[in-house]
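If you're matching them up, the sequences are chains A and B in order.
Going by my numbering, the first sequence opens with residue 1, and the numbers climb by one from there.
Going by my numbering, the second sequence opens with residue 1, and the numbers climb by one from there.
Because the hints were derived from the structure by calculation, they are not lab data.
There's no promise every hint is true.
Unchecked claim - Computed Cβ-Cβ distance ranges for the label pairs, DEER-style: (1) Val35/B / Leu21/A: 38 to 46 Å; (2) Gly72/B / Leu21/A: 40 to 48 Å; (3) Glu91/B / Ala156/A: 27 to 35 Å; (4) Asp94/B / Trp160/A: 52 to 60 Å; (5) Thr180/A / Arg21/B: 29 to 37 Å; (6) Trp160/A / Trp58/B: 27 to 35 Å; (7) Trp160/A / Gly72/B: 57 to 65 Å.
Stated by the list, open to error - Some, not all, of what chain B presents toward chain A, calculated at C-beta under 10 Å: (8) Ala17; (9) His19; (10) Ser22; (11) Arg24; (12) Ala26; (13) Arg46; (14) Glu93.
Claimed, not checked - Calculated Cβ distances over 12 Å to all of chain B for the following chain A residues: (15) Gly34; (16) Thr51; (17) Lys57; (18) Glu75; (19) Gln402; (20) Glu525; (21) Ala813; (22) Thr831; (23) Arg890.
Ideal placement from N, C-alpha and C gives every residue a C-beta, glycine not left out.
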Amino acid sequence: MTELDRLRAGFARLLVPMLWLHVPLIWLVAEILGRPVLPPMMVAVVLAATTHLAWRKHGIAPATRYVSAVALMGEPALLVWLLAGVGWQMDMHMYFFAALALMMAWCDARAILVAAFAIAAHHLVLNYVMPSAVFAQGADFGRVLLHAGIVAFQTAVLVWLSEMVAGAFGRIEAMQREITQQNENLEIRVEQRTREAEQANAAKSLFLANMSHEIRTPMNAILGFSHLMLRTGLTERQHDYVSKIRAASATLLNLLNDILDFSKIEAGKLALESAPFDPRELVERTMGIAMVRAQEKGLALRWDVDAGLPARLMGDELRLSQVMLNLVSNAVKFTSVGEVALQLRLRERQGSRLVIEGIVRDSGIGMSAEQQARLFESFSQADSSTTRRFGGTGLGLAISRQLVELMQGSIAVESVQGAGSTFTFTLLLAEAEARDAPRGLNPEALRRLRVLIVDDNQASREILHGYFQSWLVGADLVASAREGISALQAAVAEGHPYDLMLLDWKMPGMDGIEAMRAMRAMLPEAQWPAVFMISAYGQDRAMGEAEAVGIAGFLAKPVTASSLLEALQRQFGGQTPDSLPGPKGEAIAGPPMVAPSRRGARVLLVEDNEINMELAVAILGDGGLVVETAENGRIAVNRLLQAGEVFDAVLMDVQMPELDGVAATQEIRAARPGSSLPIIAMTAHAYAAERQRCLEAGMNDHVAKPVDPSALMRTLDRWIRLPLVAGPGGAGTVAAVRAPVVLPDSLPPFDLASALARVNGKSALLHKLIGDFGRKFPDAIPQLRQQAADRKYAEARILAHTLKGVAGSLGLAEVAMRAGEVELVLTTGETPPEALLVALDAALQPALAAAASLGMAAVAAPAAAASFDRAAAAALAGELEDLLARRSLRARRVFEALEAALQGQGGAEIGPLRDALGGLDYAAATLALTALAEKLALVKEKTA
Amino acid sequence: MMVERLPSGGEQAGGRAAHWRSLRPAALLLVASLVGTAALGIVAPRPAATMAVIGAPWWDAPRMAAIAIAAGARLVDAGRFGNVLIVRRGEGEDTDLAAALYTAGAWLVLDAPGPRGCLAGFSG
Numbered sequence: 001m002t003e004l005d006r007l008r009a010g011f012a013r014l015l016v017p018m019l020w021l022h023v024p025l026i027w028l029v030a031e032i033l034g035r036p037v038l039p040p041m042m043v044a045v046v047l048a049a050t051t052h053l054a055w056r057k058h059g060i061a062p063a064t065r066y067v068s069a070v071a072l073m074g075e076p077a078l079l080v081w082l083l084a085g086v087g088w089q090m091d092m093h094m095y096f097f098a099a100l101a102l103m104m105a106w107c108d109a110r111a112i113l114v115a116a117f118a119i120a121a122h123h124l125v126l127n128y129v130m131p132s133a134v135f136a137q138g139a140d141f142g143r144v145l146l147h148a149g150i151v152a153f154q155t156a157v158l159v160w161l162s163e164m165v166a167g168a169f170g171r172i173e174a175m176q177r178e179i180t181q182q183n184e185n186l187e188i189r190v191e192q193r194t195r196e197a198e199q200a201n202a203a204k205s206l207f208l209a210n211m212s213h214e215i216r217t218p219m220n221a222i223l224g225f226s227h228l229m230l231r232t233g234l235t236e237r238q239h240d241y242v243s244k245i246r247a248a249s250a251t252l253l254n255l256l257n258d259i260l261d262f263s264k265i266e267a268g269k270l271a272l273e274s275a276p277f278d279p280r281e282l283v284e285r286t287m288g289i290a291m292v293r294a295q296e297k298g299l300a301l302r303w304d305v306d307a308g309l310p311a312r313l314m315g316d317e318l319r320l321s322q323v324m325l326n327l328v329s330n331a332v333k334f335t336s337v338g339e340v341a342l343q344l345r346l347r348e349r350q351g352s353r354l355v356i357e358g359i360v361r362d363s364g365i366g367m368s369a370e371q372q373a374r375l376f377e378s379f380s381q382a383d384s385s386t387t388r389r390f391g392g393t394g395l396g397l398a399i400s401r402q403l404v405e406l407m408q409g410s411i412a413v414e415s416v417q418g419a420g421s422t423f424t425f426t427l428l429l430a431e432a433e434a435r436d437a438p439r440g441l442n443p444e445a446l447r448r449l450r451v452l453i454v455d456d457n458q459a460s461r462e463i464l465h466g467y468f469q470s471w472l473v474g475a476d477l478v479a480s481a482r483e484g485i486s487a488l489q490a491a492v493a494e495g496h497p498y499d500l501m502l503l504d505w506k507m508p509g510m511d512g513i514e515a516m517r518a519m520r521a522m523l524p525e526a527q528w529p530a531v532f533m534i535s536a537y538g539q540d541r542a543m544g545e546a547e548a549v550g551i552a553g554f555l556a557k558p559v560t561a562s563s564l565l566e567a568l569q570r571q572f573g574g575q576t577p578d579s580l581p582g583p584k585g586e587a588i589a590g591p592p593m594v595a596p597s598r599r600g601a602r603v604l605l606v607e608d609n610e611i612n613m614e615l616a617v618a619i620l621g622d623g624g625l626v627v628e629t630a631e632n633g634r635i636a637v638n639r640l641l642q643a644g645e646v647f648d649a650v651l652m653d654v655q656m657p658e659l660d661g662v663a664a665t666q667e668i669r670a671a672r673p674g675s676s677l678p679i680i681a682m683t684a685h686a687y688a689a690e691r692q693r694c695l696e697a698g699m700n701d702h703v704a705k706p707v708d709p710s711a712l713m714r715t716l717d718r719w720i721r722l723p724l725v726a727g728p729g730g731a732g733t734v735a736a737v738r739a740p741v742v743l744p745d746s747l748p749p750f751d752l753a754s755a756l757a758r759v760n761g762k763s764a765l766l767h768k769l770i771g772d773f774g775r776k777f778p779d780a781i782p783q784l785r786q787q788a789a790d791r792k793y794a795e796a797r798i799l800a801h802t803l804k805g806v807a808g809s810l811g812l813a814e815v816a817m818r819a820g821e822v823e824l825v826l827t828t829g830e831t832p833p834e835a836l837l838v839a840l841d842a843a844l845q846p847a848l849a850a851a852a853s854l855g856m857a858a859v860a861a862p863a864a865a866a867s868f869d870r871a872a873a874a875a876l877a878g879e880l881e882d883l884l885a886r887r888s889l890r891a892r893r894v895f896e897a898l899e900a901a902l903q904g905q906g907g908a909e910i911g912p913l914r915d916a917l918g919g920l921d922y923a924a925a926t927l928a929l930t931a932l933a934e935k936l937a938l939v940k941e942k943t944a
Numbered sequence: 001m002m003v004e005r006l007p008s009g010g011e012q013a014g015g016r017a018a019h020w021r022s023l024r025p026a027a028l029l030l031v032a033s034l035v036g037t038a039a040l041g042i043v044a045p046r047p048a049a050t051m052a053v054i055g056a057p058w059w060d061a062p063r064m065a066a067i068a069i070a071a072g073a074r075l076v077d078a079g080r081f082g083n084v085l086i087v088r089r090g091e092g093e094d095t096d097l098a099a100a101l102y103t104a105g106a107w108l109v110l111d112a113p114g115p116r117g118c119l120a121g122f123s124g
């Protein structure tokens, strides 16, 4: 309803009752004048009723307006007529003007005109025509004209006014419509823009998800294989390299996560974690990462953690690390000469909360005041030329500021152009309960160590000294190599030689390498301490030289407490085998496995990426699972639905060719609605939406790549149901393979203590090596005789040499010595005397017997039975046959399971099979397997 | 409630017709009110009112005067036509003049329709 209509409706509601009020008025007037009351009242009723009806029927439509105009004008006409002959009759004419003026409220010129016409008609008919028809002299036409003129004038004014008002209403109406229209258009546009923004946002999220996936897939391989490689026997240098690859990959992964988190921070949706952490470890780790770049630039990197800072804080370690790493990396980036220093201290206590202050100082290029002002804005560096010179997204400081603010702190910078910058940040954190301090629980052996620290840098000396003090180990400090040599000599003279020397590589005057040579020249070998070489520069070169002069270990600056502890553990591990905690605990403790009851579970791994598949197979195999593989979802569906194979769980990649994981899961669920087969997504997608998509498709859980082996085992433990599809036999078979290896206390003639020291205390590895020895050399003497007879001296020499080396490593001194003698003779191109071979054989036989007994004991312990599980062995032999036919690398793993299942009863046939597999000669392996199966009647069992 | 529509373009002819249709009830009411109001005086003249006596169209003034005299009325004015005469009863009389006029042969006796309204006091 328009405003004008609203006005008209209001007037109608007023007018109708007003007309009805004329009925009693007319009655009253007629009564007073002594005229008949009924006829005029009837006229008044007709006038009011007609208007009322019109209003009810047509509302405020023109018909109602016109009717009301006639009715309203009829009322004064009636009154004037009734007052005929009364003095007031003339005054009653005024009512015509009033009634006509009322018509204005319709804002309708035509209604006013109708009213004016009605007045004219009344006058003409009742007051002019009728009298003229009766009276001879007629009426005064001039006077009629005068009255008509006045009415016409009023009508003209009212019409004009009405048009004006109606026009004004029209314009208001038009404006209103226009505004409404504009608003509607605006709403439509806003809606459209919102939709576009949402689409763009969805596209961005998808892009991020895809990028995340693409980056995480190779990251998975890097992290996973680093993890696996660290569990193999590596040289110290290799271990160092692989550890760094792993650490850098982990850092890269964290950065990737941080980039993904940026949108969360921007949207204010980032939730900080709250967990206890060690601020000192955090700083060490952070600086360790930054050190790589600092070393490349030849910068000194120093850090200091206030002694007053609690050992454990409660907060988000990762985010704090991110802030520190960002500031330190920036400082390194913008500093070409000098040093970068990080200081972390307790500024004040606020009840249970601690205000922690971090200060990062550098001697870099500095910034102007203007540059500082916009430093913490997103995508902003000091200036655009900075980006060109130094690279970077400009996001780091903005993220740091937001993170610090989330931790109820602040960040500020002070800088002088050309003189360096100082970034200061504060955080509000809680103190966490101190954990059992592993460093305070060093064994007696460690405490008895005498340590000498030789470093020209005072700060480095103090840091190292601080570590040893915290472990209750006494350490002496000297500032040069010459002082160090003197101290060693003095200690020897006093009868308390040093056990360990930490020697800086780069020192003025005599450097570390020279010091080593001097020490070896001056002191008897028995008095040489173990030496750890320390260097911040050119590690590769330092390592090569240091190894050449016979150092025991190498420590790269920054030397962290954990890396030092690890080196100590490696060096003195024989004395303190289990009491020293260290980052390699995982490697020593063995790979993560599923619960014993679930070992041997059959798992179908659906993965298209060969590397990831191999990695996952290794992790799952180590975890005690029997793994089958499918290269894509279609193959997996075929195996499950058409071939009807049964599994305890399916690990499903999401993005695959042919049929992706989601679609494959949907097919499996649709075909087997009641099946309880757990399907676990294993994908690089880190997004919650992706996880949700997997769950909606019918998957039970989700494991993110890069796969954390422990997390994967926990997930499988949670989902694999008992009993296993393969039955307890299958579980037992593989469990036997993965059962903890126990070395006896002694195994003569093996010198287990020295052998263990050589393999860094890895008893499992030693166990395996002894087993290998037992399998590899039983025919060594006949072979040597034959080769000598055939004049194949070179081959014989290699065999003798190998025997000597292996025997030496395994603590078989007698065998090593006799093999060395044989080798020496062979080197001269002569046949070794029979006496030498007999002596070697005599030394070797007890060792072979011992090795064989070890193998029997190891497999007999879990199986607790003399005879092997023929059915399980047959199944494994069948599986191995298939794998050999497919030339699968997994064959070696199944072979190990088969070998364990045979419990040493494989006989001579097992050797060729092992050798063929070792050489990836699948054809020979197939032949050997056939021979083995025939010998043990496994084929018969299998076919039966 | 019907809302007025503004005429536009091709609707104008139809709009005009609708307009005239919407005037029809008002016109009827106008006629009715005029007739009704006019009839108020015609139907029952008061005894003391000035009356118009109407005879057959072909009657002349002397005949009409004779009727008035016979009824005891006082002549007020001549009518517009010969068969019309304006009369009233005499001062202090109590007779039913209208009845007497009918008895004397008048065809119709009306309350004299004016001079009223705007013209009141002008001739009466």
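Practice prompt. Mind listing which of the numbered hints don't hold for this structure, in increasing order?
Written response: Failing hints, ascending: 1, 3, 6, 8, 14, 15, 16, 17 and 18.
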